[in-house]
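Visitor: Here are the chains, one letter per residue:
Number of protein chains: 2
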Amino acid sequence: MATFTPPLREMKFVFRELFNGDDLQNLKGYGDFSADVVDAVLEEAGKLSTEVLFPLNLSGDEEGCTFENGVVRTPKGFKEAYQQFAAGGWCGIACDPEYGGQGLPKAINMMIEELICSSNMAFGMYPGLTHGAYNALELYGTDEQKATYLPKFVDGSWSGTMCLTEPHCGTDLGLIRTKADPQPDGSYKITGTKIFISAGEHDLTQNICHLVLAKLPEAPAGVKGISLFIVPKFMPKPDGGVGQRNSLACGSLEHKMGIKANATCVMNFDNAIGWLVGEKHKGMRAMFAMMNTARLGVGVQGLGLAEVAYQSGLAYAKDRIQGRALKGAQHPDKAADPIIVHPDVRKNLLTAKSLTEGVRALVMWVALELDRSAKAEAAEERQAADDLVQLLTPVVKSFGTDVGFEVANIGVQIYGGHGFIREHGMEQFVRDARITQLYEGTNGIQALDLVGRKMGAHYGRYLRAFFHPVQEFIEQNASDPAMEEYTLALAKAFGRLQQAVGATAQKGMGNPNEAGAAAMDLLNLFGYVALGYLWARMAKLALTKQNDDPTGFYKSKVKTANFYMAKMLPKTGALLSSILAGGNSIMDMEEELFGTAVAA
Amino acid sequence: MATFTPPLREMKFVFRELFNGDDLQNLKGYGDFSADVVDAVLEEAGKLSTEVLFPLNLSGDEEGCTFENGVVRTPKGFKEAYQQFAAGGWCGIACDPEYGGQGLPKAINMMIEELICSSNMAFGMYPGLTHGAYNALELYGTDEQKATYLPKFVDGSWSGTMCLTEPHCGTDLGLIRTKADPQPDGSYKITGTKIFISAGEHDLTQNICHLVLAKLPEAPAGVKGISLFIVPKFMPKPDGGVGQRNSLACGSLEHKMGIKANATCVMNFDNAIGWLVGEKHKGMRAMFAMMNTARLGVGVQGLGLAEVAYQSGLAYAKDRIQGRALKGAQHPDKAADPIIVHPDVRKNLLTAKSLTEGVRALVMWVALELDRSAKAEAAEERQAADDLVQLLTPVVKSFGTDVGFEVANIGVQIYGGHGFIREHGMEQFVRDARITQLYEGTNGIQALDLVGRKMGAHYGRYLRAFFHPVQEFIEQNASDPAMEEYTLALAKAFGRLQQAVGATAQKGMGNPNEAGAAAMDLLNLFGYVALGYLWARMAKLALTKQNDDPTGFYKSKVKTANFYMAKMLPKTGALLSSILAGGNSIMDMEEELFGTAVAA
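So the sequence lines, in the order shown, correspond to chains U and R. Start counting the first sequence at 10; every next residue gets the next number (the numbering used here). Start counting the second sequence at 10; every next residue gets the next number (the numbering used here).
Some hints could be false.
In this list, chains with the same sequence are indistinguishable; a pair is considered to hold if it fits within one copy or across any two.
To be verified - Below are the DSS-like pairs computed for lysine-lysine, each with C-alpha atoms no more than 27 Å apart in a straight line:
| # | residue 1 | residue 2 |
| --- | --- | --- |
| 1 | K233 | K336 |
| 2 | K516 | K336 |
| 3 | K291 | K343 |
| 4 | K21 | K246 |
| 5 | K343 | K233 |
| 6 | K343 | K224 |
| 7 | K580 | K501 |
| 8 | K516 | K580 |
| 9 | K343 | K188 |
| 10 | K501 | K516 |
| 11 | K289 | K88 |
| 12 | K21 | K56 |
| 13 | K37 | K580 |
| 14 | K384 | K37 |
FYI, nobody ran anything at the bench for these hints, they're computed from the structure.
I would like the entire structure built from these sequences, with the hints used as guidance.
Guide: In C-alpha cells, the structure reads:
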C-alpha cells in the first residue's frame, strides 16, 4: 500500500540549511516567523496531511464526485476534512492578516502545499483554487470587493475558482466568447460557457465565487479585449451572509483520468450578475498575476506526488522479497532477497530520489526569491529576486511536473504488476500527476514562455540571475579537491546550457520556429543544470556535516548527489545535441506528409 | 475523439518493400501466402478492427468486467464481437492446419495482432492468451492433449490462460506454492491460488483451460522443481463436449488502472483435476516457450497503442485551432491556426511517428526471423535467425512498450486538457499501455535478460546476428553521398553501442552488479540503434522511390528518417555516458540511506 510520512527533515534541510530560510524573519511583515514557529507550523501541517487528508486519498479517487439535479457532492469524508482544514486556519495561512490570515511567507507555504499534494492532491485543489482567487482580488479588486470576499476566502466559508477555458479555446484565450453586458447599476450580466472549472461546484462551502474572463461589447479583438469579473454563486449580503442565487449553474462534471475527487465542472453563466475586477480589457494582466503563482503551485503538485511515490516505492522495495542479489544471497535466512538489492531497482529509486529532492531545492530557491521579490527593502533586491522567479517559474512548472509523472511511474514500476492494481494506490499517483503536465498552460507552453518571453527579456537580464550564481559557485569551488567530482560535472553541463542558449538565441532571432523547435529541449536542459547546481551545493554542505551525523542523513545526500552527477547530468549532452541539430527536420515536413501513411 | 484507420500501407511497406516478406512463400508450409492472399487477409483484419473491435474500446473501458456469484461478465458487445471473431476464423489464423488453423506465418500474424491492439487491446487479450496456451500445448502436450484441446482453441469455442503468478511471487517463480498431488489414474489434484490471471474467467467461451505452474510433492526447490499442468474449467468429454465442473473458481476480479474490459482474476484451485504437460519439473521450459512469443506480442501491444495514439493526436493537431504560427498566420481566414503549425506540437508528432514506425520495422524484422528460425531448410539459417530473435526479443518487449507508453502520452499532451477527459479516449491508451511495461516480465527483467543471458551467450554469437548487418549496411553505404546524413549518424550511434557493450561485458565479468546497473541503459541503446539502422534502410529505399510517388508516402519516410537522425539518435550519447559512469553510484548507497531522509 502507498505510504506517506511528512518529509520534514528534508524540508528543513533545504529551507534552513541550504538557503538560510530563517532569514525571512528580517523581511517586512515576516518578523514572527522564527525557526520555532516554522517548525511548529510544519509539524501541524504534517499531522493534518497524514491524519486527515491521506486517509481520504484512495477512497476519494474510488468514489469521485457525483452530480445530481445540479448538485455536486464531494466524496465521503471530504466535507468533514474541509471543515477541519478551515477551522485550523489553513485556508488563510498565507493570507494577509488584514483579512484574518496568518501572513505566512510563500516559501513556508510551499512546504505546506507540498504536504497537501503528497497526501491528497484532489482535496488540496479546493482551497488551492480559492487562494488563486484571493491573490487576484487582493491585487486588482476594489476595497469593497476585498472587504466582501477576502475574509470569507480566508476563513474558508466561501471558495473561489478561475474560469478561463471555453470549449473552443484554452491556450488561446483571445478566442473567448463569454460576454459581459454592462448594467446601469455598474454591474455586468455575464453569459457564456466555461469548461474544465476545477472546484466549480461542490458541497464544501456556503458560497463559490467565480473569477470569469469575458468580453465587453466594445472590446478590442484578441487577448487585449478581455476583462475579469467576479461572479458569485450567491449574492453577498452586507451582513456577510449570502442572498439570492445568481443565474449560473454547473452543467455537468467531467469524467477524468485522475484527480477524481476534485469536481471539474462545465459552468454555464446565463445573464449572471458580476462585477468588474481591475480595469476594463486588462483581465489578462490580473489572470497572469494568479497564474504565475499557480504555475509554481502546479510544480509543487508534481513534487508532492513524486515524494509520496518515492516513499511508497521504497517501502515496497525493502519489503518485497523476490530473487537473489546478483553477487549471491544477501538474506540467506529468507526465501529470497528484498528487491532493493537489484541494481535496476536501485537505479529507479535513486532516479526518483535525486529528482524529487532536486526539485524540492529548486522550488525552495524560487519560493524564497518570490518572498524577497515582494518584501525586500531595496528595489534592486526586489528586482533581482523577481528576475530569477520570472526565469524559473516555467521551469518549475514543466520540469517539476514531468518529474512528478516520471517518479509516479517509477513507483508503479517498482511495484511490478501490483502497481497496476488500484487498491495499492500507486497507479493513482500516475493518473493524478498526468493533469499537472497539462493545466495552467501545457508544458509545451511553459517552454515557449521560457524561450520566447523570459530568455531574451531585458537583454538577457533574467538569464543572468541564474547564470551568475552557477558560474560563481563553479569558480569558488573549482580548486577544492573534495568538490572536484561535482564542479567538473556541473561545469560541463553548464557549458552545454550556455552553448544551447547562445545557439538558440542566434538562430531564433532570424527564425522564431528555430526557437520554438528548441524550446522544450532547452527547458529540460535548464532543469537538469539547475538541479545539478543545487545538488553540488547540497553535496558541499553535506560533505562538511556527514562525519558528525549518526543518522546518515548527510551521507545519503552526498551519495544521492554522486548518483545525480553520474547518471542524470549526462542527459544534458543529448539535449544539447538535439538543440544544435536545429529545427529543420521539424519544420520541413509538409502538413500532408504527417498523415499520408494512413491515407495512402 | 480517438480515431483509427488500419495502417495497411505502412505494414505493406515494411513487410514487402523493406524486408521482402513475400519470400515467406518459399518456406515449407507457407506456399499459399502469395502477396494477394496477404493483402486480402490484412484488408479483412482491418475491417474487423475498425468495424467490430474499435467501436467497443471506449465502452468496454467504461463498463469493465463484472463479477457476481462467481460469474464474470465481459462488457456489452464483447460476446457478440467474440462470436464474430471466432466465426471469421481469427482465433486459429496462425495455428496449424492440422488442428483446423490457417497456418499463417507469424510475421503476417503480428500485423493482425497490431491491428487488434490498436483497436481494442483488452479484447485482443482473450484470444491472445488462448494462443499462448495453444503454443505451449502444441510444443509440449501429448498427442491426446493436442487432439483434445487444440481444435477447440482454434475454433474459439474454448479458451486458455497462463497461471504463473501467486500473491507472493511473480518474477521469482521458484517461490510458488501451488501443489500438484499425483492421483492413481495419472491425473493430478492441483491446489493453490494464482493471481493476475488475464481472461481467467469470462463469458466468451464454453470452456476455459488453464495452464498452471505447480510443484510435485518430491519437487526440488526453486525453478528446477516446477511442473506445468493443464487444468480445464469443465472436464473435456470424448465427444468434444464438456462434462462436469472442475473444482476451480474465480475468487475475485482485480480493479486495475487499465485494460478494464479484460478480466484479471484471482483463481483458486482446490484439488482441481489436471494433467501434466511435458516432463515433470520441466515446466519452466514450456513456460518460456510460451513467454518468448508472448513477449514479442506484448511489444506489438505497445506498437498498436502507439499507432492509434499517433493517428488520433495527428487528427486533433490538424483540427484544433489555437494561436498563430510563430512566423505569422498560416490560415488568416480562420480565427486561429491549427496547432500543427507549432514547432513543439510537430516535434511531438514526429517523435511519435518516428518511434512508432521504427518499432514496426523492428517487430517485422524479428517476426520474419522467427518464421525463418522455425521453417528455413538449412539448419544454419534456422540458427542464425533464432540468434537474432533471442537477442532482440527483450528489446522488442521493453523498448516497444516504452514507446507505446511514450506515444500514448504524446497523444494526450497534444490534446491538452481534453486529453485528460475520458470521453475523448486518449487517456485510455496511456492506462492500457502502462500494463505492457509490467507484465510478461517487467521491462527491468527484459534488460537483465538481454545483458545477463543474451549478450554473452555462445561467446557473443547472438550479438553478431545484429552487429554484422548493421556494420555491413554502414560500409556499403558510406560512400553514397545521398546516404551520408544517415550513415554518419548511424555509425556514430553504432560505435557508442559497441563501446557500451564492450565496457559492460568487461566490467560485468568481474562484478555482475556492473552489468545489472548498465542493463536498462544498454537495452535502450540497443533500441535506438536498431531503429537508427532501420530508419537508414527505410530512407535508402524511400530516396529511390520518392520522385515517382504522387502520394508523398516515400517523401514522408525520408523526412521522418531525417527527424529520427537529428532528434532521436542523440539520445544514444547520454545512454553511453551513463553506462560508462558505471554502477558505483547505484550500488554504493547503503540500504538504510535510501530512507533516512524520511525517518530522521
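Visitor: Please work out whether the CA atoms of K384 and K37 approach to 27 Å or closer within one copy, between two copies, in both situations, or in neither?
Guide: Within. Shortest intra-copy distance 6 Å satisfies the 27 Å Cα cut-off; inter-copy 82 Å does not.
Visitor: One pair to classify: K291 and K343, alpha carbons no more than 27 Å apart. Within, between, both, or neither?
Guide: So K291 and K343 pass the 27 Å test across copies only (25 Å; inside, 68 Å).
Visitor: Regarding K343 and K188, is the shortest C-alpha distance of 27 Å or less found within a copy, between copies, in both, or in neither?
Guide: Only across copies: K343 and K188 sit 21 Å apart there, 69 Å inside one copy, limit 27 Å.
Visitor: Evaluate K289 and K88 at a C-alpha cut-off of 27 Å and name the case that applies: within, between, both or neither.
Guide: neither (37 Å within a copy, 60 Å between copies)
Visitor: Taking 27 Å as the upper bound on the Cα-Cα distance, should K501 and K516 be classified as within, between, both, or neither?
Guide: both (23 Å within a copy, 26 Å between copies)
Visitor: Between copies, within a copy, both or neither: which fits K233 and K336 at Cα up to 27 Å?
Guide: Intra 66 Å, inter 20 Å, cutoff 27 Å: inter-copy only.
Visitor: What label fits K343 with K224 when the C-alpha limit is 27 Å: within, between, both, or neither?
Guide: between (69 Å within a copy, 20 Å between copies)
Visitor: How would you classify K21 and K246 at a CA-CA limit of 27 Å: within, between, both, or neither?
Guide: neither (44 Å within a copy, 71 Å between copies)
Visitor: Classify it for me, K580 with K501: is the Cα-Cα distance of at most 27 Å met within a copy, between copies, both or neither?
Guide: Both: 12 Å inside a chain and 17 Å across chains, each within 27 Å.
Visitor: Is it within, between, both or neither when you check K37 against K580 at 27 Å Cα-Cα?
Guide: Cα proximity of K37 and K580: none, with 42 Å in one copy and 48 Å across.
Visitor: How do K21 and K56 come out at 27 Å by Cα distance, when the copy is not named: within, between, both, or neither?
Guide: within (16 Å within a copy, 61 Å between copies)
Visitor: Within a copy, between copies, both or neither: which one fits K516 and K336 at a CA-CA cutoff of 27 Å?
Guide: Answer is between: at 14 Å across copies they meet the 27 Å cutoff, but 52 Å inside does not.
The structure is inconsistent with the numbered hints 4, 11, 13, although it conforms to all the rest.
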